[in-house]
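Protein chains: 2
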Amino acid sequence: MNAVLRHADFRGETGEAARLRVRSGDHSGPTAGLAPGYVQANMAILPKALAADFQRFCAMNPKACPLLASSEPGDPTLPILGANLDIRTDLPRYRVWRDGELVEEVTNIKAQWRDDLVAFLIGCSFSFEEALLEDGIPLRHIACGSNVPMFRTTIPTQASGRFHGPTVVSMRPLKPADAIRAVQITSRFPSVHGAPIHIGKPELIGIKDVMQPDYGEPSEIRDDELPVFWACGVTPQAVIAAAKPDFCITHAPGYMLVTDLKNSRLAIL
Amino acid sequence: MNAVLRHADFRGETGEAARLRVRSGDHSGPTAGLAPGYVQANMAILPKALAADFQRFCAMNPKACPLLASSEPGDPTLPILGANLDIRTDLPRYRVWRDGELVEEVTNIKAQWRDDLVAFLIGCSFSFEEALLEDGIPLRHIACGSNVPMFRTTIPTQASGRFHGPTVVSMRPLKPADAIRAVQITSRFPSVHGAPIHIGKPELIGIKDVMQPDYGEPSEIRDDELPVFWACGVTPQAVIAAAKPDFCITHAPGYMLVTDLKNSRLAIL
Numbered sequence: 001m002n003a004v005l006r007h008a009d010f011r012g013e014t015g016e017a018a019r020l021r022v023r024s025g026d027h028s029g030p031t032a033g034l035a036p037g038y039v040q041a042n043m044a045i046l047p048k049a050l051a052a053d054f055q056r057f058c059a060m061n062p063k064a065c066p067l068l069a070s071s072e073p074g075d076p077t078l079p080i081l082g083a084n085l086d087i088r089t090d091l092p093r094y095r096v097w098r099d100g101e102l103v104e105e106v107t108n109i110k111a112q113w114r115d116d117l118v119a120f121l122i123g124c125s126f127s128f129e130e131a132l133l134e135d136g137i138p139l140r141h142i143a144c145g146s147n148v149p150m151f152r153t154t155i156p157t158q159a160s161g162r163f164h165g166p167t168v169v170s171m172r173p174l175k176p177a178d179a180i181r182a183v184q185i186t187s188r189f190p191s192v193h194g195a196p197i198h199i200g201k202p203e204l205i206g207i208k209d210v211m212q213p214d215y216g217e218p219s220e221i222r223d224d225e226l227p228v229f230w231a232c233g234v235t236p237q238a239v240i241a242a243a244k245p246d247f248c249i250t251h252a253p254g255y256m257l258v259t260d261l262k263n264s265r266l267a268i269l
Numbered sequence: 001m002n003a004v005l006r007h008a009d010f011r012g013e014t015g016e017a018a019r020l021r022v023r024s025g026d027h028s029g030p031t032a033g034l035a036p037g038y039v040q041a042n043m044a045i046l047p048k049a050l051a052a053d054f055q056r057f058c059a060m061n062p063k064a065c066p067l068l069a070s071s072e073p074g075d076p077t078l079p080i081l082g083a084n085l086d087i088r089t090d091l092p093r094y095r096v097w098r099d100g101e102l103v104e105e106v107t108n109i110k111a112q113w114r115d116d117l118v119a120f121l122i123g124c125s126f127s128f129e130e131a132l133l134e135d136g137i138p139l140r141h142i143a144c145g146s147n148v149p150m151f152r153t154t155i156p157t158q159a160s161g162r163f164h165g166p167t168v169v170s171m172r173p174l175k176p177a178d179a180i181r182a183v184q185i186t187s188r189f190p191s192v193h194g195a196p197i198h199i200g201k202p203e204l205i206g207i208k209d210v211m212q213p214d215y216g217e218p219s220e221i222r223d224d225e226l227p228v229f230w231a232c233g234v235t236p237q238a239v240i241a242a243a244k245p246d247f248c249i250t251h252a253p254g255y256m257l258v259t260d261l262k263n264s265r266l267a268i269l
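Residue numbers (this note's numbering), protein chains in the order written: chain L, 1 to 269; chain V, 1 to 269.
Everything labelled a hint here was simulated from the structure, so no lab data went into it.
Don't be surprised by glycine CBs; every beta carbon is placed ideally from N, CA and C.
Some hints here could point you the wrong way.
[To be verified] Lysine-lysine pairs mimicking DSSO-like chemistry, simulated, CA-CA at most 30 Å apart:
| no. | chain 1 | residue 1 | chain 2 | residue 2 |
| --- | --- | --- | --- | --- |
| 1 | L | K201 | V | K201 |
| 2 | V | K244 | L | K201 |
| 3 | V | K63 | L | K201 |
[Said to hold, decoys possible] So the derived label-pair ranges between C-beta atoms look like this:
| no. | chain 1 | residue 1 | chain 2 | residue 2 | range |
| --- | --- | --- | --- | --- | --- |
| 4 | L | R188 | V | P156 | 25 to 33 Å |
| 5 | L | A59 | V | L20 | 47 to 55 Å |
| 6 | L | R265 | V | E134 | 27 to 35 Å |
| 7 | L | R265 | V | G145 | 44 to 52 Å |
| 8 | L | D223 | V | Q112 | 49 to 57 Å |
Starting from the given sequences, assemble the full structure and let the hints guide the process.
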């Protein structure tokens, strides 16, 4: 979920070229660093019977679940995200869940695909991290090559049907002036989590120990830094897991869909 | 310098109407609350011999010295800020300085006016405070009816000729989510100090005791709040005082120029 811009190897690669390498099996690892500058997306696939509730859940929780696109039931293409795109083959690794239990990890879902499935593609922090790094704001977890620390909070999401639960946040330690600049920059990117939802006082959002994240790895917070918290794409994953749908498919963490959209085109201003 | 929007009496008053009441002597007090929604400005008047250096000082320090307009030498009108406007008569109280010493406070400067004087009108926090209050963000000093706390910092200004010195900041305690929203809102108003320049850790900018301001009055900071710091219009006043020009005139603190500009028109987005 991190390490954006650290892989110089793939500079100049288009989103479509990255997808074709994944589809052919040439690339089977995490997608961080592929097709720099192109939007990568989290994915959740649900049966149509649950899709309306989840679509509404995303609409009501846009900071945690910024929906880039959802598919027509049974249709594995998503023209809005890329012309030559098949969600059954274009992610390097998928997780298949039954009744809330992970049953297998696979490299395509052609065998699992059904006519009633709806895919949800959700924005990810890669896009705004690229904008922060390009502005000269250092990100500790990327510099350290570690995963961003993530925490369950006491901030509830807006429930929709079976989908409900706490907001999960990611944390990046920043110097105060960089924190202010990061608010400005990420406010321009509402479709990839937008502005932070908290800053400075983890205990106020139910985080007991900021050095013990619930997901990812800890990041040191220095004396001249503030912890800055963004709503995180793990929120919908946790909410779906808690809802225990009879069937669903997600991307494996770090193995995202690379799209044809440029990150810069997500900026609203 | 505060208490914006607390005086319901003057709702509907235009900037021009407020100036005419001041000019006639009908209004002789501070200008907070006059002509709600209209921009008020700090003023400094310098001899032409110093004007170029000060104009450049403002240009290089736009967050502390956001220049709304400066006059032609000897011309007491400022059409860009109001059609019927005379800076010699339209502020309720002026301070006259010689060699860095305050020599008199007067209610007009017709007798002191000279052909070589240049007036500088500088944006003030009234405008962004109005935007914050209208968004539902409470401001402690206004709720308490006290003056905003202000501090000299270790953040230097960019020097220009004789004009140099530390940045002075104002502090407003805000809940973290309100602090994030306040960054967004005030970023839209670069001509009235813009985004905060610091947040959360006063000691990092040379403030030893946040309850002992250098100017204004202290504001309580509660456990669920962060101190948020904006560059402050006292910076140019302090810089001019330190430069000890042989002659200058300023507005008396709180007795500002009311203009014909709407606060909302200062928003860049």
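Going through the hints against the structure:
At roughly 12 Å between alpha-carbon atoms, L/K201 and V/K201 fall within 30 Å of each other, so this suggested pair holds. This hinted pair does not check out: V/K244 and L/K201 have alpha carbons roughly 44 Å apart, beyond 30 Å. A distance of roughly 27 Å separates the Cα atoms of V/K63 and L/K201; the hinted pair therefore holds under the 30 Å criterion. The hinted range of 25 to 33 Å is satisfied by L/R188 and V/P156, whose Cβ atoms lie roughly 30 Å apart.
Taking 47 to 55 Å as the suggested C-beta distance range, the pair L/A59 and V/L20 conforms, at roughly 52 Å. Distance hint check: the CB atoms of L/R265 and V/E134 are about 32 Å apart, consistent with the given range 27 to 35 Å. Distance hint check: the CB atoms of L/R265 and V/G145 are about 48 Å apart, consistent with the given range 44 to 52 Å. At about 51 Å, the CB distance of L/D223 to V/Q112 agrees with the hint of 49 to 57 Å.
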